[in-house]
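*Asks:* Each protein sequence line maps, in turn, to chains L and D.
Residue 463 in the numbering used here is what sits at position 463 of the first sequence, and the numbering runs on without skipping anything.
Residue 318 in the numbering used here is what sits at position 318 of the second sequence, and the numbering runs on without skipping anything.
The hints are simulated quantities; they were obtained by calculation from the structure and are not laboratory data.
Mixed in with the good hints there might be a few duds.
Claimed, not checked - Covered, in the sense of this in silico footprint (three residues per stretch, anywhere, with C-beta under 8 Å from a C-beta of chain D), are these stretches of chain L: (1) 43-56; (2) 82-89; (3) 160-174; (4) 286-292; (5) 345-353; (6) 399-410.
To be verified - Just so you have them, the derived chain D footprint on chain L, three or more residues with Cβ under 8 Å: (7) 61-72; (8) 92-98.
Just so you know, these numbers come straight off a predicted model, no measurement behind them.
From the three backbone atoms N, C-alpha and C, an ideal C-beta is built for every residue, glycine too.
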Amino acid sequence: MEYPWWYVPHLTSPMLIAAIAVVHVLVSHYAVGGGLFLAVETRFAYQSNDTAYLDYLRRHARFFILLTVVWGAITGVGIWWTIGLASPTATEVLIRTFVFGWATEYVFFVLEILAAFAFYYYWGRLSEKVHVTIGWIYAAAAWISLVLITGITAFMLNPGGWPDHRSFWVGFLNPQFVPQTIARTGGALLLSSLYVYLHASLVIQDRRLYHLLVMRSARPALWGAVLITVGGIGWFVYLPESARAALESAAVLTVLVVIIFALTAVVFVLLYLGPYRNPGWMSPGFALALCLFGVAAFSTGEFVREAVRKPYVIYNVVLGNQIAPEHVQKLRRRGFLEANPWTKAVIAELPAGQGSPLLDGGRIDERALLERTEKDPDALRVVGQALFQYHCNDCHALERGYSAVGPMIRGRDLDMNFALVKHLEKAHFFMPPWAGTEDEALILARYLTEIAPPRPRGMDPIYLEKQ
Amino acid sequence: MEPIDAGTLPELPAPFWFIQLFKVLGFTLHMVPMHLWYAGMLVALWLYGRGPDPGRRFATRLLAQMPVLMAFGINLGIVPLLFLQVAYCRAFYPATILMAWFWLAIVVLLIPAYYGVYYHSAALASDGAAMTRLRRASGWTAAVLFVVIGFLFANGLSLTTRDEAWHALWAAHNVGGAATGTALNLSDATLWPRWLLMFGLALVTTAAWCVLDAVWLSAGSSDDDRRFARDFALKLSLAGAVWSTVAGAWYVFLAWPAEVFREMFSFPAVLLTLVTAASPWFPSALLFAWRQGDLNRSRAAAIAGTHLGVLALNAISRQIVQNIELRSLFQPGVSYQPVATQWDSLVLFLATFLGGVVVIAWILAQLAKVPAKQ
Numbered sequence: 001m002e003y004p005w006w007y008v009p010h011l012t013s014p015m016l017i018a019a020i021a022v023v024h025v026l027v028s029h030y031a032v033g034g035g036l037f038l039a040v041e042t043r044f045a046y047q048s049n050d051t052a053y054l055d056y057l058r059r060h061a062r063f064f065i066l067l068t069v070v071w072g073a074i075t076g077v078g079i080w081w082t083i084g085l086a087s088p089t090a091t092e093v094l095i096r097t098f099v100f101g102w103a104t105e106y107v108f109f110v111l112e113i114l115a116a117f118a119f120y121y122y123w124g125r126l127s128e129k130v131h132v133t134i135g136w137i138y139a140a141a142a143w144i145s146l147v148l149i150t151g152i153t154a155f156m157l158n159p160g161g162w163p164d165h166r167s168f169w170v171g172f173l174n175p176q177f178v179p180q181t182i183a184r185t186g187g188a189l190l191l192s193s194l195y196v197y198l199h200a201s202l203v204i205q206d207r208r209l210y211h212l213l214v215m216r217s218a219r220p221a222l223w224g225a226v227l228i229t230v231g232g233i234g235w236f237v238y239l240p241e242s243a244r245a246a247l248e249s250a251a252v253l254t255v256l257v258v259i260i261f262a263l264t265a266v267v268f269v270l271l272y273l274g275p276y277r278n279p280g281w282m283s284p285g286f287a288l289a290l291c292l293f294g295v296a297a298f299s300t301g302e303f304v305r306e307a308v309r310k311p312y313v314i315y316n317v318v319l320g321n322q323i324a325p326e327h328v329q330k331l332r333r334r335g336f337l338e339a340n341p342w343t344k345a346v347i348a349e350l351p352a353g354q355g356s357p358l359l360d361g362g363r364i365d366e367r368a369l370l371e372r373t374e375k376d377p378d379a380l381r382v383v384g385q386a387l388f389q390y391h392c393n394d395c396h397a398l399e400r401g402y403s404a405v406g407p408m409i410r411g412r413d414l415d416m417n418f419a420l421v422k423h424l425e426k427a428h429f430f431m432p433p434w435a436g437t438e439d440e441a442l443i444l445a446r447y448l449t450e451i452a453p454p455r456p457r458g459m460d461p462i463y464l465e466k467q
Numbered sequence: 001m002e003p004i005d006a007g008t009l010p011e012l013p014a015p016f017w018f019i020q021l022f023k024v025l026g027f028t029l030h031m032v033p034m035h036l037w038y039a040g041m042l043v044a045l046w047l048y049g050r051g052p053d054p055g056r057r058f059a060t061r062l063l064a065q066m067p068v069l070m071a072f073g074i075n076l077g078i079v080p081l082l083f084l085q086v087a088y089c090r091a092f093y094p095a096t097i098l099m100a101w102f103w104l105a106i107v108v109l110l111i112p113a114y115y116g117v118y119y120h121s122a123a124l125a126s127d128g129a130a131m132t133r134l135r136r137a138s139g140w141t142a143a144v145l146f147v148v149i150g151f152l153f154a155n156g157l158s159l160t161t162r163d164e165a166w167h168a169l170w171a172a173h174n175v176g177g178a179a180t181g182t183a184l185n186l187s188d189a190t191l192w193p194r195w196l197l198m199f200g201l202a203l204v205t206t207a208a209w210c211v212l213d214a215v216w217l218s219a220g221s222s223d224d225d226r227r228f229a230r231d232f233a234l235k236l237s238l239a240g241a242v243w244s245t246v247a248g249a250w251y252v253f254l255a256w257p258a259e260v261f262r263e264m265f266s267f268p269a270v271l272l273t274l275v276t277a278a279s280p281w282f283p284s285a286l287l288f289a290w291r292q293g294d295l296n297r298s299r300a301a302a303i304a305g306t307h308l309g310v311l312a313l314n315a316i317s318r319q320i321v322q323n324i325e326l327r328s329l330f331q332p333g334v335s336y337q338p339v340a341t342q343w344d345s346l347v348l349f350l351a352t353f354l355g356g357v358v359v360i361a362w363i364l365a366q367l368a369k370v371p372a373k374q
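Can you build the whole structure from these sequences, using the hints too?
*Replies:* Here it is in structure tokens:
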């Protein structure tokens with residue numbers, strides 16, 4: 001309750017996090033699996049004295065560096081940038097809880113970068129043994145960085161006993177940690193094989209070599225799909241109850257989960273029939289289709305993973321609208337607007353009107369505010385909007401856009417809206433509870449009733465029109 | 001805005017001195033590669049285009065190193081930003097949220113800049129034959145983007161320490177009390193000199209790198225190359241020192257808030273202030289003293305080491321100034337923030353850090369054994 005809220009029209013700022021997260025994970029998993037691919041295959045190519053394969057691996061390493069060191073690293077920084085902007089309170093908690101987890105992770109990032117550059121730029125100039133060892137250093141560092149960041153993201157979905165203990169290891173080794181690590185390791189194996197197929201199908205001319213590569217990458221890809229499934233089941237089992245309920249009750253999420261399963265099954269079957277049984281089928285078109293299915297499954301999975309946390313950003317620790325659950329009762333008594341310097345500033349900026357002053361020694365006179373907004377439509381608009389921005393905008397656009405509230409309450413009257421705002425968490429259990437006074441709830445309800453579009457005309461039954 | 005009640009913050013995970021130490025250390029290390037793309041890229045592109053042969057060779061090497069320098073520099077930059085957020089989240093987040101789109105633009109602009117550097121450097125190996133107009137343009141575009149990114153950083157970090165400006169910016173850039181993220185800290189007297197000061201220091205860093213490169217990093221550099229490095233570095237570092245002094249004087253005498261000025265000019269802080277102000281001249285002094293003789297390895301190491309000390313001095317002074325500027329925001333003061341040292345994860349970090357240093361040393365030792373390309 002200390003930060004200004006960042007208003008992103010139509011989209012809502014947390015959706016920016018989701019967008020950047022998706023483009024990031026599509027590369028970051030490859031940064032892990034691709035490193036393993038390069039280490040294992042380079043060793044194999046040295047052992048079998050396959051210079052054509054070595055040449056290809058060198059080309060692949062360049063592609064790998066261009067994608068992971070640049071795109072992967074910068075979008076990773078991008079996620080960090082946007083969580084600070086769009087979810088500052090939760091980021092504050094994460095940063096202060098896991099600072100040394102992150103610092104440890106950066107040590108591995110530095111190792112990764114050094115190993116990746118050494119592996120590629122010194123190709124052919126190091127002894128085979130040292131070259132392969134550096135490849136393995138890369139792969140190990142990359143996988144450990146996956147484990148470290150997974151501990152932190154898994155924490156957000158189910159921090160386990162952390163709220164009681166507040167200790168690093170309790171938070172890090174949370175119930176979601178092992179399942180998500182398994183799933184992400186599988187994701188790294190699967191996704192990197194799909195990228196390898198796509199890249200190889202476009203650049204390798206030599207049939208023998210292509211055939212060899214297709215066969216060798218089939219097994220890790222299939223294992224990846226198995227690990228994703230195992231980890232996915234664990235993820236479901238260790239979901240907090242509300243998250244599981246959200247999966248069942250929200251139609252969108254149910255559909256998305258079905259889509260993920262269907263896509264994963266398709267990828268598995270295609271992998272089995274294609275690369276595993278009939279490597280000859282692997283045309284660039286086939287490789288592209290596989291890759292697209294995989295990417296689609298991945299992006300959907302990431303979206304669902306983000307969505308089921310509602311109403312929390314960090315489960316039981318910080319609500320979506322940057323409020324700590326233990327503060328809700330106090331806010332209900334003392335007022336929502338007063339608790340944040342930025343919403344308080346909105347009230348302070350209101351032009352002086354008649355009646356008693358709204359701010360008195362740092363406290364907001366709620367009664368006066370209610371009266372003022374009742375008489376003055378401009379004041380209602382300003383105060384209502386502030387309540388909406390700071391209490392609802394993390395999940396809803398206002399009139400148009402992502403999950404916009406206006407269209408959802410079309411034609412509802414004030415009583416209904418007032419009841420909804422007062423009992424948000426009952427209207428939908430994945431909304432946070434109302435964290436303000438009754439007066440504030442009434443102001444917001446009036447404002448929403450003002451801006452809601454009327455009930456669509458043509459569909460009104462005759463008997464209603466007559467009233 | 002209102003002072004922050006330290007009681008509502010989560011506890012600091014380590015003593016404040018520890019957080020500052022790593023912040024300063026990380027920032028010092030970050031500045032080396034960052035300066036090389038900030039000012040060094042422009043210098044190198046210019047030398048590549050119209051410099052003498054040895055200058056062209058130096059420029060070619062620096063531009064070829066650029067992708068690697070960027071990778072490490074960006075990573076090292078994360079360290080001070082991480083510890084800044086740990087210590088001063090309540091100042092850093094509001095400031096960056098007010099300018100959210102511009103702050104996010106840093107990341108967005110970095111991607112074309114980075115790929116631009118790669119695209120440009122890919123043509124260097126061919127001895128200029130493959131340097132098409134498009135590749136040259138992508139190099140210059142990247143260089144300009146770095147300067148723009150530097151400006152955005154100067155904006156965000158100066159706004160972080162200027163809580164008295166937040167309200168006005170918010171008032172002009174909000175919808176229903178929520179920040180639109182379109183504000184910039186342009187009215188801040190410290191913004192311009194801060195931005196320029198960094199560029200001056202970056203010129204000196206480029207000079208120090210030039211010397212280091214000639215005798216340590218490039219195998220088979222000729223006498224010509226070394227003579228060029230010696231002379232060019234002297235000129236460049238003098239230019240950087242003059243630039244830093246002018247921008248620094250502007251910053252200190254015309255822009256510093258009264259409180260900062262008073263404290264930084266009272267004993268003993270004044271000693272640090274004076275040494276920091278004089279420090280950009282140290283590398284020039286060495287280069288001037290050695291302007292005649294051969295540029296050997298120990299001289300180059302002394303120059304580069306001295307300059308690293310200059311950067312560290314700057315980082316330390318900046319930290320102290322930041323602490324003074326932010327003191328007004330925190331009540332009853334940062335040092336009273338509740339601290340619950342997370343020994344378990346801190347030990348994990350320190351152990352990894354040491355282990356990481358060992359592995360890095362091993363890799364570097366392997367690379368050092370490799371015979372040079374020529």
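*Asks:* For each hint, tell me whether it holds in the structure or not.
*Replies:* Hints versus structure:
Using a Cβ-Cβ cut-off of 8 Å, 0 residues of the stretch 43-56 of chain L lie near chain D, which falls short of the minimum of three, so the contact claim is violated. Counting residues of the stretch 82-89 of chain L whose CB lies closer than 8 Å to any CB of chain D gives 4, which reaches the minimum of 3, so the coverage claim holds. Counting residues of the stretch 160-174 of chain L whose CB falls under 8 Å from any CB of chain D gives 5; the rule of at least 3 is met. With 0 residues having a Cβ less than 8 Å from any Cβ of chain D, the stretch 286-292 of chain L misses the three-residue criterion, and the hint is violated.
Figure legend: the stretch 345-353 of chain L, annotated as covered by chain D; annotation consistent (3 residues with Cβ-Cβ distances under 8 Å, at least 3 required). Coverage of the stretch 399-410 of chain L by chain D is violated [criterion: at least 3 residues with CB-CB distance below 8 Å; count 0]. Using a Cβ-Cβ cut-off of 8 Å, 4 residues of the stretch 61-72 of chain L lie near chain D, which meets the minimum of three, so the contact claim holds. For the stretch 92-98 of chain L, the stated coverage by chain D holds: 6 residues have a C-beta nearer than 8 Å to a C-beta of that chain, and at least 3 were required.
Of the numbered hints listed earlier, those contradicted by the structure are 1, 4 and 6.
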